[in-house]
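Q: For reference, the chains in residue letters:
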Amino acid sequence: SAVISQKPSRDICQRGTSLTIQCQVDSQVTMMFWYRQQPGQSLTLIATANQGSEATYESGFVIDKFPISRPNLTFSTLTVSNMSPEDSSIYLCSVVAMDSGYTFGSGTRLTVV
Amino acid sequence: DAKTTQPPSMDCAEGRAANLPCNHSTISGNEYVYWYRQIHSQGPQYIIHGLKNNETNEMASLIITEDRKSSTLILPHATLRDTAVYYCIVRLSHANTGNQFYFGTGTSLTVIP
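The listed protein sequences correspond, in order, to chains A and B.
Taking the working numbering, I'd label the letters of the first sequence as residues 4 to 116.
Taking the working numbering, I'd label the letters of the second sequence as residues 288 to 400.
These are computed hints drawn from the structure, not numbers from a lab.
Backbone N, C-alpha and C fix where the C-beta goes; we use that ideal spot for every residue, glycine too.
Check before you lean on any hint, since a few could be wrong.
Label pairs and their computed distance ranges (CB to CB) [as the list claims (entries may be wrong)]: (1) B:Arg368 / A:Thr33: 27 to 35 Å; (2) B:Ile326 / A:Gln25: 19 to 27 Å; (3) B:Thr366 / A:Asn85: 39 to 47 Å; (4) A:Gln54 / B:Met297: 38 to 46 Å; (5) B:Ile350 / A:Gln54: 19 to 27 Å; (6) B:Ile399 / A:Gln41: 21 to 29 Å.
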């Protein structure tokens, strides 16, 4: 299956700042997704990262708050903008490869103070 | 939207079989049942998936009822390392159609020594 490197693994940020999370895959993948997992909760899909075009956001998530880039088939970034303590969560990258199904990264644990 | 219902928590004695149920009464004919698990502080890990027939791999067995409205994940000999949150997900299988995973609340399985 695809191997995902997600960076940073954790960070503590000041409110009002922004953090960009990187997702690097060791092979070309068809689809890339970003999830959020708030403390003690299940995973919630934020958006689908589309290669070469704007991301497709789920209800309740907007581009101004969570801008996403996907410049090629192996890399994507998620930015959490103008952070508040409510953004403290684990953010996970997920990919779909043609021959191996869905794989998740280990996540980025974000704490906003 | 999550289309599955699972009990919030279960206990299982170490060495015994763990049977985790999932209801998916609105599943459509071309949707698969997937199982993932999430060990604390890690990304979700693929376990098994199936469409109609029962499936078995090195990790678990998946039993799907004939009407496909429910399924059971079986861990044949649970170990302490199987303590995790187990997610049952239904979705289309095709990797390049952009059909994302929508997670429900999952079952928190605790394996007891």
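Q: Hints first: check each against the structure and report whether it holds.
A: Results for each hint:
Look at arginine 368 (chain B) against threonine 33 (chain A): about 31 Å separates their beta carbons, and that is inside 27 to 35 Å. Taken as a hint, the range 19 to 27 Å holds for the pair isoleucine 326 (chain B) and glutamine 25 (chain A), whose Cβ atoms sit roughly 23 Å apart. The hinted range of 39 to 47 Å is satisfied by threonine 366 (chain B) and asparagine 85 (chain A), whose Cβ atoms lie roughly 44 Å apart. Distance hint check: the CB atoms of glutamine 54 (chain A) and methionine 297 (chain B) are about 40 Å apart, consistent with the given range 38 to 46 Å.
The beta-carbon spacing between isoleucine 350 (chain B) and glutamine 54 (chain A), approximately 38 Å, falls outside the hinted interval of 19 to 27 Å. Our hint of 21 to 29 Å for isoleucine 399 (chain B) and glutamine 41 (chain A) holds, since their Cβ atoms are close to 28 Å apart.
Comparing the model with each earlier hint shows a violation of hint 5 alone; every other hint is respected.
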